[in-house]
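Participant: Quick note on numbering: the sequence shown equals residues 54 to 155 in the numbering used here.
Simulated from the structure, these hints should not be mistaken for lab results.
Some clues are possibly wrong.
Said to hold, decoys possible - Derived pair list, reagent style BS3-like, types lysine-lysine, alpha-carbon separation capped at 27 Å:
hint : residue 1 : residue 2
1    : K74       : K154
2    : K77       : K154
3    : K74       : K116
4    : K116      : K61
5    : K154      : K61
6    : K61       : K74
7    : K77       : K61
8    : K116      : K77
Stated by the list, open to error - For each label pair, taking beta carbons as the anchor points, the in silico distance ranges come out as:
hint : residue 1 : residue 2 : range
9    : E98       : G147      : 29 to 39 Å
10   : G147      : E109      : 12 to 22 Å
11   : E151      : E109      : 29 to 39 Å
12   : G147      : M54       : 34 to 44 Å
13   : G147      : R68       : 11 to 21 Å
Treat the numbers as computed from the prediction; the structure is a model and nothing was measured.
The C-beta atom is built at its ideal place from N, Cα and C for all residues, glycine as well.
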Amino acid sequence: MSIQEQIKEVVTTHRVVLFMKGTKQFPQCGFSLRAVQILQAAGCEDFVTVNVLENEAVRQGIKEYSNWPTIPQLYINGEFMGGSDIMMEMFEAGELQEALKA
C-alpha cells in the first residue's frame with residue numbers, strides 16, 4: 054500500500070484526524086499545540102492524532118495528499134479542513150463546532 058493510500062485509509066476510517074508534530078498529550082511545536090487546544094475548546098476529545106515526526110514518508114506524503122505545505126492538518130469526515138490558523142478562524146466563526154457535529 055502506498056503512503057497516499059495509507060493516509061487516505063486513516064482519514065476515511067476515523068471521524069476526526071489531526072496530522073501533527075508530536076502527540077495529543079505531548080505536542081512538539083506551537084502550531085500543533087494550538088490545533089489540539091482548538092479541538093478541545095470545540096468540545097472534541099475523541100480525535101485521532103498522527104505524529105508526522107515518527108515517519109518522514111507520512112510527513113511529506115500528507116503535504117502532497119492535501120496539497121497544503123504545512124503541518125498540522127485537520128481532517129473531519131475525510132475532508133481536509135486546514136491548518137491551525139484556519140482552525141482558529143473556523144472556531145471563532147462557529148464553523149469548526151458545526152463541522153464536528155456533522
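Participant: To test your reading of the hints: which numbers does this structure violate?
Facilitator: 9 and 10
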